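> Count the sequence shown with the working numbering and you get residues 234 to 466, in order.
There's no promise every hint is true.
What the hints assert, rightly or not - Label pairs and their in silico Cβ distance ranges:
| hint | residue 1 | residue 2 | range |
| --- | --- | --- | --- |
| 1 | Gly305 | Pro284 | 11 to 21 Å |
| 2 | Arg384 | Gly279 | 35 to 45 Å |
| 3 | Gly448 | Glu256 | 13 to 23 Å |
None of these hints come from the bench; they were simulated from the model. Bear in mind that the values here come from a model prediction, so they are computed numbers and not experimental data. Beta carbons: idealized from backbone N, C-alpha and C, even for Gly.
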Amino acid sequence: MTIIFITGANKGLGQETARRLIELGHTVLTGARDQARGEEAAAALGARHVPIDVTDDASVAAAAANVGHHEGRIDVLINNAGVHGPAGGDLGDLTGAEALAVFQVNVIGVVRTTSAFLPLLRRSDDPVIINVSSGMGSLALTHDPARAESRVIAPLYTASKAALTMMTTQYAKGLKDIRVNAADPGYTATDLNGHSGFQTVTEGTDAIVALATEGPGAGTGRFVSREGEIAWS
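Please model the entire structure based on the sequences and the hints provided.
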């Protein structure tokens, strides 16, 4: 039985990832900051809700303790929680507070959650971490005029995802006993972009689900989209 913990799982990519993995027969724990919405989503999915605010040390520690008490381990950690931050407009108006808010969730939250859940992952025979990143954090894709990523100005989101992809490679090198990969959902219609994406939420979860269901011995340190592996650049 594979036990999977997903942050930000009360809507969008997280919720659809949970739905698909449950459908495949896995045990899924859904994490969310909003307890009422989290419990409602979990009930609809047939999952167990675990309250977690990835920006708060005590909340993350409590979530790990909760899972340790009830399940004893996890096999897959999916760091999915994310926020967008300001887009467009005059970049001279960006504030430190806005930057901190985005990086607290998209980067620091991943570090905080990963550290707290490592002991539970190390109780698994085949531990896996998946960081939900974005092609928006790729220098190559955001400079390719043929790609949608090149036409978006979202400085804090893109910078945070670039940082997350680098964190992924560093974790992959440093955590020899755990597979660590990043997923690029692609331009998917979610609340994050006002449902402007051209992919369905199911299509947007293809890479995440693929990484979560790989067998032992699959590669680490990869950046994967639904079309396949993306070069780190």
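> Tell me the numbers of any earlier hints that the structure contravenes, in ascending order.
Failing hints: none at all.
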